[in-house]
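Chains as they are written, first to last, in the numbering used here: chain S, 34 to 317; chain P, 34 to 317; chain A, 34 to 317; chain G, 34 to 317; chain V, 34 to 317; chain D, 34 to 317.
Just so you know, these hints were derived from the structure itself, not from any lab.
Possibly wrong hints are sitting among the right ones.
Repeated chains share a single entry, so a pair holds when one copy, or any two copies, can fit it.
[Stated by the list, open to error] EDC-like mimics (lysine to aspartate or glutamate), calculated; alpha carbons at most 16 Å apart, straight line:
1. Lys205 <-> Glu264
2. Lys205 <-> Asp316
3. Lys205 <-> Glu291
4. Lys108 <-> Asp255
5. Lys205 <-> Asp250
6. Lys219 <-> Glu234
7. Lys205 <-> Glu156
The residues making up each chain are set out below.
Protein chains: 6
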Amino acid sequence: MTARIVPPPRHVIDSLLRAALAEDLSTAGDITTDAVVPADAVTAATVVARADGVVAGLDMGLRTFALLDEAITTKVGVHDGDFVTAGTALARVSGRSRPILAAERTCLNVVGHLSGIATATREVAGLISHTRATVVDTRKTTPGLRAFEKYAVRAGGGANHRFGLFDAVLIKDNHLVGRGIGATVKAATAAVGHAVKIEVEVEDVSQLEEAISAGVDAVLLDNMTPAQLREAVEICAGRCLLEASGGITPETIVAVAETGVDLISLGWLTHSAPRLDVALDFDP
Amino acid sequence: MTARIVPPPRHVIDSLLRAALAEDLSTAGDITTDAVVPADAVTAATVVARADGVVAGLDMGLRTFALLDEAITTKVGVHDGDFVTAGTALARVSGRSRPILAAERTCLNVVGHLSGIATATREVAGLISHTRATVVDTRKTTPGLRAFEKYAVRAGGGANHRFGLFDAVLIKDNHLVGRGIGATVKAATAAVGHAVKIEVEVEDVSQLEEAISAGVDAVLLDNMTPAQLREAVEICAGRCLLEASGGITPETIVAVAETGVDLISLGWLTHSAPRLDVALDFDP
Amino acid sequence: MTARIVPPPRHVIDSLLRAALAEDLSTAGDITTDAVVPADAVTAATVVARADGVVAGLDMGLRTFALLDEAITTKVGVHDGDFVTAGTALARVSGRSRPILAAERTCLNVVGHLSGIATATREVAGLISHTRATVVDTRKTTPGLRAFEKYAVRAGGGANHRFGLFDAVLIKDNHLVGRGIGATVKAATAAVGHAVKIEVEVEDVSQLEEAISAGVDAVLLDNMTPAQLREAVEICAGRCLLEASGGITPETIVAVAETGVDLISLGWLTHSAPRLDVALDFDP
Amino acid sequence: MTARIVPPPRHVIDSLLRAALAEDLSTAGDITTDAVVPADAVTAATVVARADGVVAGLDMGLRTFALLDEAITTKVGVHDGDFVTAGTALARVSGRSRPILAAERTCLNVVGHLSGIATATREVAGLISHTRATVVDTRKTTPGLRAFEKYAVRAGGGANHRFGLFDAVLIKDNHLVGRGIGATVKAATAAVGHAVKIEVEVEDVSQLEEAISAGVDAVLLDNMTPAQLREAVEICAGRCLLEASGGITPETIVAVAETGVDLISLGWLTHSAPRLDVALDFDP
Amino acid sequence: MTARIVPPPRHVIDSLLRAALAEDLSTAGDITTDAVVPADAVTAATVVARADGVVAGLDMGLRTFALLDEAITTKVGVHDGDFVTAGTALARVSGRSRPILAAERTCLNVVGHLSGIATATREVAGLISHTRATVVDTRKTTPGLRAFEKYAVRAGGGANHRFGLFDAVLIKDNHLVGRGIGATVKAATAAVGHAVKIEVEVEDVSQLEEAISAGVDAVLLDNMTPAQLREAVEICAGRCLLEASGGITPETIVAVAETGVDLISLGWLTHSAPRLDVALDFDP
Amino acid sequence: MTARIVPPPRHVIDSLLRAALAEDLSTAGDITTDAVVPADAVTAATVVARADGVVAGLDMGLRTFALLDEAITTKVGVHDGDFVTAGTALARVSGRSRPILAAERTCLNVVGHLSGIATATREVAGLISHTRATVVDTRKTTPGLRAFEKYAVRAGGGANHRFGLFDAVLIKDNHLVGRGIGATVKAATAAVGHAVKIEVEVEDVSQLEEAISAGVDAVLLDNMTPAQLREAVEICAGRCLLEASGGITPETIVAVAETGVDLISLGWLTHSAPRLDVALDFDP
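Kindly generate the complete structure, drawing on both the sequences and the hints.
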């Protein structure tokens, strides 16, 4: 199912890369390189993984070079979503030395950050592949990188929860302004139109039944024990999707998944996954 | 020395917050809240730390609320740079419910991400406080967040390396295009003017001597053993600053710091520090 | 149900208004007013409807004045979604003459355009209020005004279809690349995650059954006769939502609605509804 | 005289198209196409007029495809300003399926909106081609689309009034702050420099004479009867241009034009002209 | 006639000031001030002219302070267009020290640059005040500062030529693609509509007559001797405006003006006028 | 040493050029050219220096043409930093007439402005080439053009002072908030990290000694007489760099340079250097 590993639209990518280049170059540029590397020097280099992991953001990282100099050529050896071992050559870069040196760090920061998220996703997804549960992300993302980090989760084999506040309804406790869950779900359904899914967070079994009766598409079960989750799965009996959430770690995820929930959302995939070590090795 | 914990310029902060709000709200807004929470509902809530750590980005996180509704009032209980224990109330927020709910996640993403970096910085800085060494950051930052992550390092008690390619010279192996280190340093010195510091990466003792003779301000010692670092400290004898770099972890940093180097740079402070858990608890 | 008449986020509104002011003022400003109206002149004026209709965009139109001069005061007499008759005073504006004159046309262009859409929506919604069908919009909107025009549809009593290509799946004939509808729906379901609704366009009864079996949330019935629609309603029997589409006009909409479909989408609401005539009458 | 059918500058076009693509794609992109159409699928399609009308915005609409994928090829069969009948093939598009499907609606929204305005312009211009009068537009345009809609008017055979408040003086009643028309015109003339034309709105014959004596370039006659207009034409006797304005429709325009006025301005050309129906037919 | 000394629209001013602040502060801010001046320090200072000249850009320069800190108070002592002598206090600034120090240079760069242009304009305008000629600017402006420099010319007592290529026609030799001046003027007149003035550059007396016959509003006489200009004035006899242009200096302008031309355009007003020395003196 | 004549990053250049084109073209474009020059007309022209001087900004000026039409070809005959005499052909431009005419003025404004600064720099640098002193620029630049004007100084043979408030510390009198120079320098050193140079302005010999003892990299000597400067040079004895500043002109610079100072900063290079006259001569 590689069809879903499609990156954000080009203009979204370019916007991030331009911001990253701007913060690294400001208006003076790469003063080291400009000072000591001749304008006509050329070079070639290899993007290399220094640790095992899942690649994500390779094409968009490489695009950094093109944004500085469209004459730089890049050639990928692997694709986003591929698992690679330490030492694997991910891509080749060749062209004028100045823009390659100036773009190097920005490229690596993109690839390392997104590959780190993809790698973490794959690891937890692997732990629960024997269950029906799918790993999904949250809105706990790094400011400005939402679409990219959600892409990295897809590259790692996870699925996306809603992209933001705008594309799906998720009713939490603070949205119940004096109304019950059923009434709130019905109000939301009437208000947002037919093209929007509705999920609601419940705290106990009676709320779960009320939510299902109101016609929700999914129910969020926050900070429940495996026993509670199992009970919810039984009650629900497939009438809507069930999502487990709240402090779930690689240590606890198997027990959660084996309860039969459909979705397990993990904030740390996007806010705390460590970077995958990648480097640019220049030809000698 | 609180003077140095000064955040980026206002327009830089607002630009990040607006981008973060835009990716969460898109053009449709918070459809859940708009559908079920009345326009005139008001609420109050507390930003709470759920784990021990150093706070960073609190004021800028809270500014998210003002960007949606300038009538929302916020009041901080602690300041950036403060160490807090789990359960500490960091700030109070009160005003119209709709914009508070819409800005909540963006605010927390900012505070959690930056406080995570500050917390990690403080931890490693504490390990080496008996030495002359200072913890410094690198350019291995999250794309678009350079200035913010460097601010978080300052809030955690670390110091900043250069902000980008534009404000200091750092000559690495790939910049030595057929010239020795001494000649390269002199070329850079002549080219960049008097207002720019010059650092150079060396691989051995002979390069170190050559760099110092050429008048560098600092020397980067990459991936050296404590024994090699100690030798470099002796040879240098205070003629320039020495920076140790390369895969240094909390496990190895004490040995590195005790060699007598001036600076220890750590990429993972900014690319892999886990988020500090912070939450917004609404008044019942 | 006024909860749903919530305008786009503030920054989206301001972005449109600033673009509109920029195209009217360029860099030289309102040269007529600057030339002949003294800087200290003040005035007051009334926004008046010159025809019967539904108001939409009034607050955002009035915000134009604040963007030029925050000291201008505005006071609304009606609210978005209200039906007004010709001659109704919609709002009062008072303050310095120069910015009021400079912002007048931009304000009126916003209010007139959006109120025109709201008025058209209300008219067709009224025609079918005895049926179960809801009027919904399409993606046939004016470039750059999507969120605003969809807001106007809501103000007129219609509902929104998806906001764009990003927030819901709508599978059309061109998406069936050698696969049947059922297989395509399943592929989409697997790829987009649980937070996204899936609708599919069908051409005949057999495709309808296949789509429903694959678990779609809604089916689009394009350019079908009332008889065909009625047959589809019977076959569907409430297993998913049914949307009628394609050249439906005020003349034909009643017959369509009475077939029992759930949704009727009308492109002309947003691309061809005539402006509602509104004017700014200055106090003598 | 095709020379005048020149579109806005490239950066103005690209800015609109990018905004339109952004509102349709957000940061997640075309999730339907990404989910079910393979990355390497290719297609070809024809832009077709579904009704008789004047084409406008064809090249700029087609440019949408290039903004998503510069490898897409487009070939026009007609030119802006051409009158076409229903069924006419306007252009061919071929290339990768994904970007073609993603850009389709944005392209059609541009071409349909602008061609609708051009078509309406041509219709009214045709009604008065036996007179000296020229159809001109107004500032009653859709927010953000001023330059495009004025271009469409030119493509339809009309002429442009001023582009905004910045490029010509138009003195209305509200600008006469205690001064007569003559004094106001002279003040404006002195203030704005020699490169700016000056027009003034008058309410009766005595004001007309005063305006002409003050040296205006044109006079706006608002909401006058044909008899009043005819009298004004006689009095003016060619000493300046005369513009008729105010609620003029296709039903009344001939009588207005036959009075001998030079210009007839019509707001509805740009704010209420219905879209020309255009579609993208994919090759089977 | 102070009515004409109206600055560019607020958003145009803010855009320039924000760009200027961004290039001075980048993302790290004023590191000197942040390091050594306490956050709660306050100060007061006076903007002082260090040389005789005409003030321009004072309010917009002072706005720089508000953009960094809206709590800073400023109070002007003179107005744009005023002539001041060396030592004159132009304005007072008081508030927090940090933002005042950070904005100081940007403020002074704006005021000094624009006042320099206003001062030069006033000097040459004074030389020819006994003639009918008016000093006008050109499009030879500093990139990005067109509207500001043209404002400064107005503040100095000059008048504006067209703002750009978009608001008036100026036909030069390179526009005569095989047609005579008369035919070219007529083509332009037909193409651009009634709201645009038309000026044409001529090289000799026969072209002048041809241009006038074609109905131009103004004629540009480039690099002509006073004798040639005088002949042109006689031939023209008031039928259109005459503009002298081309290398005219303070030394030669009187002779040019005394020929009777209406307008004298001077590129060096905006591209080469030296800055007026202004400074910010802090209270002791 | 041509290595240092490296222009600002491409995106910084394009941003300035796009702003300059936007202010010249607005949304209507070059109405003269569009009206009278056929779309298919082609032309060729030469960029010529009309006075002796140093070229700067030639490539970036020529890039203006590519931004309007990438098919225009340009070919340079000289390089930035070259001294040319009046009449020298700097570059050739050929392609479609319309975009060449539309971009002409913007291109020339860039080249003329920057070449003027380079020319002035070279003139003063030549006066003191027999001394150890280097000419450096200041932050007294035209708003929005900082990086470009500093580039022009480099092209003229000068050196750059800091780019802004963000990349080096410069402690002036107003930064001494109740502390001595030594204490202030030490506070700054501790706060800003090792990658930033520190300069301090002193008023007399005792402050100079205090600054050197505190370890500054450079000392600014403002408005001192040659005798005072000479004394400072003797006291300093090479322990840090010395910069002379304050009203230094071509008439006084030799005496200043011969005192032995290292740096002489001149604000007028960037705020008052007159434009170099350059023109675009079209082939007949």
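Verification of the supplied hints:
1. In this assembly of identical chains, the alpha carbons of Lys205 and Glu264 never lie at most 16 Å apart, being 21 Å within a copy and 40 Å across copies at closest.
2. Taking the shortest Cα distances, Lys205 and Asp316 sit within 16 Å of each other only across copies (14 Å), while inside one copy they are farther apart (55 Å).
3. In the homo-oligomer, the alpha carbons of Lys205 and Glu291 never lie at most 16 Å apart, since the shortest distance is 25 Å inside one protomer and 38 Å across protomers.
4. Neither within a single protomer nor between protomers do Lys108 and Asp255 lie at most 16 Å apart by alpha-carbon distance, with minima of 45 Å and 29 Å respectively.
5. Taking identical chains as interchangeable, the C-alpha atoms of Lys205 and Asp250 lie at most 16 Å apart only when both belong to the same chain, with a minimum of 14 Å there against 24 Å between chains.
6. In this assembly of identical chains, Lys219 and Glu234 lie within 16 Å of each other by CA distance solely inside one copy; the values are 14 Å within and 27 Å between copies.
7. When the C-alpha separation of Lys205 and Glu156 is checked against a cutoff of 16 Å, the pair qualifies neither within a copy, at 29 Å, nor between copies, at 35 Å.
Of the numbered hints stated above, those contradicted by the structure are hints 1, 3, 4 and 7, listed in ascending order.
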